[in-house]
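Colleague: Residues per chain are reported as follows:
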Amino acid sequence: DAGVIQSPRHEVTEMGQEVTLRCKPISGHNSLFWYRQTMMRGLELLIYFNNNVPIDDSGMPEDRFSAKMPNASFSTLKIQPSEPRDSAVYFCASRLGQNQPQHFGDGTRLSIL
Amino acid sequence: SQQGEEDPQALSIQEGENATMNCSYKTSINNLQWYRQNSGRGLVHLILIRSNEREKHSGRLRVTLDTSKKSSSLLITASRAADTASYFCATENTGTASKLTFGTGTRLQVTL
Chain A
3 DAGVIQSPRH EVTEMGQEVT LRCKPISGHN SLFWYRQTMM RGLELLIYFN NNVPIDDSGM
63 PEDRFSAKMP NASFSTLKIQ PSEPRDSAVY FCASRLGQNQ PQHFGDGTRL SIL
Chain B
2 SQQGEEDPQA LSIQEGENAT MNCSYKTSIN NLQWYRQNSG RGLVHLILIR SNEREKHSGR
62 LRVTLDTSKK SSSLLITASR AADTASYFCA TENTGTASKL TFGTGTRLQV TL
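Protein chains in written order, with our numbering: chain A, 3 to 115; chain B, 2 to 113.
Pairwise CB distance ranges (calculated):
#, chain 1, residue 1, chain 2, residue 2, range
1, B, R42, A, E16, 26 to 36 Å
2, B, R61, A, E85, 41 to 51 Å
3, A, T40, B, R81, 24 to 34 Å
Covered stretches of chain A (chain B as the covering partner; in silico rule of three or more C-beta atoms under 8 Å from a C-beta of chain B):
#, segment
4, 43 to 54
5, 102 to 113
Just a sample of chain A residues kept apart from chain B, beta carbon distances all over 12 Å, derived:
#, residue
6, S68
7, A69
8, N73
9, A74
Calculated directly from the structure, the hints in this document are not laboratory data.
Remember, it's a predicted structure, so these values are computed and weren't measured experimentally.
Beta carbons: idealized from backbone N, C-alpha and C, even for Gly.
Extracted from the complex, chain A is given alone in its bound form:
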């Protein structure tokens, strides 16, 4: 079975550039989550979608971050403009429903120089 697929696996870019992270959830899952993981702050939920609709974006750091889910099989997380403090590993996860586990992708390691 294909799991959650994230791309790219690694991204290195200069400050000020736009960064787009991509996620393909597991087919049939109706919830999608974006997380950020750093040594200092641990794993933080940025935003989640139910049935392609954003439900809670209270974890999005600031207006430079935006996320979309145009259909059930694709989501993007954009950072524009990027800053060095955005450097982290970004994970996407999907879930079949409530009281079900989340399935994580292998993440995108983002470095902003």
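On the provided structure of chain A, position chain B as indicated by the hints.
Modeller: For chain B alone, kept in the frame of chain A given last:
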């Protein structure tokens, strides 16, 4: 914010020994989940225990939940070198049913 707090932060044991990790949380929950993360990889789900359950087993894993103390423990029996990873507890809190709040994790090192 991080609700779950794992204890200990790091644990080093020898292969064959048992490893016990603890998790405390603050609010009422629908369920509590344990995940493993190997270096450079995503989190992998291990066990989900619902708020009305007290104990669950899966292979060499045993999870307990005490909602009166707002705590859970994960026991790995007969540990193997391949169990070396970080382990996280996560709570699905009542009122925020879709969200998981992760703890800070326990780094487990199993040596030969």
